[in-house]
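The chain contents come next:
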Amino acid sequence: MTRFGYDERSAALLVFPVLAVLLVVAAFPIIYSFWVSLHDIVLTRPLRRPFVGFDNYLRIFDDARFWTAVARTTVYTLVCVAVTTFLAVLVALLLNEVFPGQRLLSALLLVPWATPSVVNGLMWKWIYDPTYGLLNGLLVQVGLLERYRVWLGDPDITLLLIANAAIWKQMPLAALLMIVTMKAIPEDLYRAARVDGANIWQRFVHVTLPALRPGLMLVLVYETMISIRHFDLFLIMTQGGPGDASFTLSWLIYVETFRSLRFGTGAAMSYVLAITTFALSWAVIRFLGKRI
Amino acid sequence: MARITCAALTKSYGAVLAVDALELSIGHGEFMVLLGPSGCGKTTTLNMIAGLEEISAGRLLFDETEVTWTPPHKREVAMVFQSYALYPNKTVRENIAFPLRLRGQSASEIERAVGAAAEQLEITHLLGRRPNELSGGQRQRVALGRAIVRKPSVFLMDEPLSNLDATLRLSMRGLIKRLHQELKATFVYVTHDQAEAMTLADRIAVMKGGLIQQLDTPEGIYERPANIFVAGFLGSPPINLVEGVIAGGAFTRGDFRLALTNPPQEGRAVVLGLRPEDVSAGGDVTARVELVSPLGSETHLDVLAEGGVALTLRVPKEWRAAPGDRLSFGIDPARLHIFDKASETRL
Ligand SMILES: Nc1ncnc2c1ncn2[C@@H]1O[C@H](COP(=O)(O)OP(=O)(O)OP(=O)(O)O)[C@@H](O)[C@H]1O
Ligand SMILES: [Mg+2]
Numbered sequence: 001m002t003r004f005g006y007d008e009r010s011a012a013l014l015v016f017p018v019l020a021v022l023l024v025v026a027a028f029p030i031i032y033s034f035w036v037s038l039h040d041i042v043l044t045r046p047l048r049r050p051f052v053g054f055d056n057y058l059r060i061f062d063d064a065r066f067w068t069a070v071a072r073t074t075v076y077t078l079v080c081v082a083v084t085t086f087l088a089v090l091v092a093l094l095l096n097e098v099f100p101g102q103r104l105l106s107a108l109l110l111v112p113w114a115t116p117s118v119v120n121g122l123m124w125k126w127i128y129d130p131t132y133g134l135l136n137g138l139l140v141q142v143g144l145l146e147r148y149r150v151w152l153g154d155p156d157i158t159l160l161l162i163a164n165a166a167i168w169k170q171m172p173l174a175a176l177l178m179i180v181t182m183k184a185i186p187e188d189l190y191r192a193a194r195v196d197g198a199n200i201w202q203r204f205v206h207v208t209l210p211a212l213r214p215g216l217m218l219v220l221v222y223e224t225m226i227s228i229r230h231f232d233l234f235l236i237m238t239q240g241g242p243g244d245a246s247f248t249l250s251w252l253i254y255v256e257t258f259r260s261l262r263f264g265t266g267a268a269m270s271y272v273l274a275i276t277t278f279a280l281s282w283a284v285i286r287f288l289g290k291r292i
Numbered sequence: 293m294a295r296i297t298c299a300a301l302t303k304s305y306g307a308v309l310a311v312d313a314l315e316l317s318i319g320h321g322e323f324m325v326l327l328g329p330s331g332c333g334k335t336t337t338l339n340m341i342a343g344l345e346e347i348s349a350g351r352l353l354f355d356e357t358e359v360t361w362t363p364p365h366k367r368e369v370a371m372v373f374q375s376y377a378l379y380p381n382k383t384v385r386e387n388i389a390f391p392l393r394l395r396g397q398s399a400s401e402i403e404r405a406v407g408a409a410a411e412q413l414e415i416t417h418l419l420g421r422r423p424n425e426l427s428g429g430q431r432q433r434v435a436l437g438r439a440i441v442r443k444p445s446v447f448l449m450d451e452p453l454s455n456l457d458a459t460l461r462l463s464m465r466g467l468i469k470r471l472h473q474e475l476k477a478t479f480v481y482v483t484h485d486q487a488e489a490m491t492l493a494d495r496i497a498v499m500k501g502g503l504i505q506q507l508d509t510p511e512g513i514y515e516r517p518a519n520i521f522v523a524g525f526l527g528s529p530p531i532n533l534v535e536g537v538i539a540g541g542a543f544t545r546g547d548f549r550l551a552l553t554n555p556p557q558e559g560r561a562v563v564l565g566l567r568p569e570d571v572s573a574g575g576d577v578t579a580r581v582e583l584v585s586p587l588g589s590e591t592h593l594d595v596l597a598e599g600g601v602a603l604t605l606r607v608p609k610e611w612r613a614a615p616g617d618r619l620s621f622g623i624d625p626a627r628l629h630i631f632d633k634a635s636e637t638r639l
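Chain order of the listed sequences is W and Z. Using the numbering used here, you'd call the opening residue of the first sequence number 1 and step up by one each time. Using the numbering used here, you'd call the opening residue of the second sequence number 293 and step up by one each time.
Treat the hints as calculated values from the structure; they're not laboratory data. Computed from a prediction, not measured in an experiment: that's the story for all the values here. Every residue gets a Cβ at the ideal spot worked out from N, C-alpha and C, and that includes glycine. Just to be clear, a hint being listed does not mean it is correct.
[What the hints assert, rightly or not] Below, simulated DMTMM-like cross-link-like pairs (lysine to aspartate or glutamate); rule was C-alpha separation at most 25 Å, straight line:
no. : chain 1 : residue 1 : chain 2 : residue 2
1   : Z       : LYS469    : W       : ASP63
2   : Z       : LYS500    : W       : ASP188
3   : Z       : LYS382    : W       : GLU187
[Unchecked claim] To give an idea of the chain Z side of the interface with chain W (calculated C-beta under 7 Å), a few residues:
no. : residue
4   : ALA342
5   : LEU344
6   : ILE347
7   : HIS365
8   : MET371
9   : PHE373
10  : SER375
11  : ALA377
12  : ASN381
13  : PHE390
14  : PRO391
15  : GLY396
Make the full structure from the sequences, and use the hints.
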């Protein structure tokens with residue numbers, strides 16, 4: 001008598017290759033980087049790598065740069081998530097209507113999403129460029145700006161400008177998710193609401209918005225998870241500057257690991273970021289999930 | 293305001309004419325049923341009366357007031373949908389209260405109205421639940437509650453019972469009829485179920501292809517169908533339709549002859565309509581029994597008469613018959629329906 005029949009055994013056989021690959025490319029790095037984070041590894045003295053327990057973690061929290069990075073990351077993530085979600089709902093509401101050109105617009109919506117993020121970063125870097133950038137040219141020609149500005153050199157708005165580039169790229173997918181959710185709302189609900197006397201705003205609040213909750217939750221979790229870890233835009237556009245204006249956590253991790261070559265603390269920081277991301281997502285799901 | 297007048301009411305979707313110059317006048321407190329097969333324009337008509345569908349041409353009046361362009365909430369109509377259309381995130385109480393809240397009524401007024409409506413529909417114990425915690429029949433009661441709580445003078449119902457099982461449908465039918473009597477409002481009720489139409493309606497409008505085929509009381513429609521379509525749509529088992537010609541003052545098809553009381557002109561090609569129950573024991577029509585279907589209260593017989601005329605008969609259960617038997621029965625000429633074969637209209 002066998003506990004597993006033919007079906008179970010062949011299923012296990014089919015799943016095994018994927019499982020093996022996952023083990024190597026996902027599980028191993030996770031465990032290895034945790035091991036690294038418990039050691040004082042500095043590549044400038046590669047042979048001495050003592051075990052230090054959680055010292056690396058404690059050291060991070062004493063680091064002033066870490067708290068700057070937390071502040072920058074918080075602002076950046078909040079702006080990215082809030083604006084992306086808001087725009088996504090707005091765009092979805094628009095594209096959910098039937099009007100001439102609606103199909104073309106829906107297709108065009110996907111262009112930014114399909115753009116590789118390095119290309120996106122370079123594109124926006126050029127747009128913001130102080131000498132030949134499109135933004136300067138446009139604003140001066142329209143007369144909104146007197147003379148060319150060094151956009152990314154202004155510490156007050158750098159973070160927002162980078163966020164703008166990120167939102168441009170990630171909003172379409174969020175909008176698409178919202179459209180899909182909206183399409184699933186039965187037309188009869190809107191009819192009932194109209195007969196009940198709900199105006200367009202009340203229909204949005206009482207019919208559309210409640211139905212959007214699952215999609216909204218997905219977008220919030222997903223956008224939080226990716227925004228908090230954004231790196232490539234910072235590498236391409238500002239490298240943490242000017243000053244520490246765009247010095248985010250992922251940039252700090254990069255600097256610590258690959259410029260200062262302190263792998264131990266770098267790995268510890270990565271772990272802090274990963275656990276924070278995880279905790280935030282869990283909180284969003286718990287908070288919104290309960291109200292659905 | 294509670295009298296509804298549709299004057300040449302038309303709805304077209306591009307080239308598709310969904311409702312074609314509909315003329316319909318619904319009296320105050322009347323229970324009007326729109327009956328017809330799928331796609332005949334029932335829902336479209338109802339939505340135009342509700343204001344949910346823009347009217348392409350023609351006029352719509354409530355009493356003497358033209359409402360052709362009035363938005364739905366200003367028409368003071370309530371609507372019940374086949375899909376219930378309850379707000380899934382609101383409790384039953386909030387669902388029923390919603391139209392009143394939108395009208396800015398005070399909390400105590402709303403509380404009282406919701407309580408009364410819930411009591412009338414026997415759903416007081418469900419007020420705290422959400423729609424996904426209710427059965428189909430309970431959901432439809434809540435939808436009815438949301439409709440009656442506003443005390444509108446017009447109720448529009450689009451196949452409200454179609455998603456319910458047969459027994460529930462029967463009891464809900466009774467509930468709707470009772471509501472109509474208590475509320476004394478005008479009801480426009482869409483269905484494709486002839487039994488629902490017959491039991492509920494003061495008058496029935498039978499529709500097909502965007503046109504009203506016949507507008508009459510249930511008895512009138514059943515007893516005097518205006519054309520072959522209406523005759524065939526009502527009645528279960530359906531009316532027997534036999535093609536033939538008029539010869540010697542009688543309907544003839546081969547050896548099958550039936551004398552008529554006032555026959556149309558000689559030689560005319562006609563279709564004879566015979567309701568399955570319009571036969572009597574003992575008579576001059578003979579047929580061979582092909583199939584016997586006892587239903588307990590009555591029996592359905594499929595018989596083959598002279599000239600290859602196949603008929604279904606609905607007879608009392610006392611008639612004993614077995615397949616292969618010869619059966620003699622009588623047909624009252626006064627109960628026959630004769631339609632013109634070309635125009636399909638009643639003669
Ligand atoms: N939005 C629309 N666009 C194009 N044609 C439509 C639209 N809505 C309805 N129609 C057409 O109008 C006709 C009438 O539709 P309607 O929904 O009124 O039928 P119905 O009698 O309610 O049918 P059912 O019993 O299936 O609900 C149908 O032929 C349908 O295809
Ligand atoms: Mg319909």
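Hints, one by one, checked against the model:
Distance check on the hinted pair: LYS469 of chain Z and ASP63 of chain W sit about 77 Å apart at the alpha-carbon level, beyond 25 Å; violated. Our distance criterion of 25 Å between C-alpha atoms is met by LYS500 of chain Z and ASP188 of chain W, whose separation comes to about 24 Å. This hinted pair checks out: LYS382 of chain Z and GLU187 of chain W have alpha carbons roughly 17 Å apart, not beyond 25 Å. A hinted interface residue such as ALA342 of chain Z counts as satisfied when its beta carbon comes closer than 7 Å to some beta carbon of chain W; here the least separation is about 6 Å, so the hint holds.
At about 5 Å, the closest approach between the beta carbon of LEU344 of chain Z and any beta carbon in chain W falls short of 7 Å, and the interface hint on this residue holds. Interface hint at ILE347 of chain Z: violated, since its Cβ lies 15 Å from the closest Cβ of chain W, which is beyond the 7 Å cut-off. Hint status for HIS365 of chain Z relative to chain W: holds, with the closest Cβ pair at about 4 Å, below 7 Å. Evaluation of the MET371 of chain Z hint against chain W yields a held restraint, the C-beta minimum of about 5 Å falling below 7 Å.
Given the 7 Å rule on beta carbons, the hint for PHE373 of chain Z holds: about 5 Å separates it from the nearest Cβ of chain W. Proximity of SER375 of chain Z to chain W holds as hinted, the smallest CB-CB distance being about 5 Å (cut-off 7 Å). Because the beta carbon of ALA377 of chain Z sits about 4 Å from the nearest beta carbon in chain W, less than 7 Å, this interface hint is met. Hint on ASN381 of chain Z holds. Least Cβ distance to chain W is approximately 4 Å, under the 7 Å limit.
Against a cut-off of 7 Å between C-beta atoms, the interface hint on PHE390 of chain Z holds, since the closest Cβ of chain W lies about 6 Å away. The restraint placing PRO391 of chain Z at the interface with chain W holds, with a minimum CB-CB distance near 4 Å, inside the 7 Å limit. Interface restraint check: GLY396 of chain Z against chain W, minimum CB-CB distance 10 Å, threshold 7 Å, status violated.
Hint compliance for this structure: hints 1, 6 and 15 are not met, and every other hint is.
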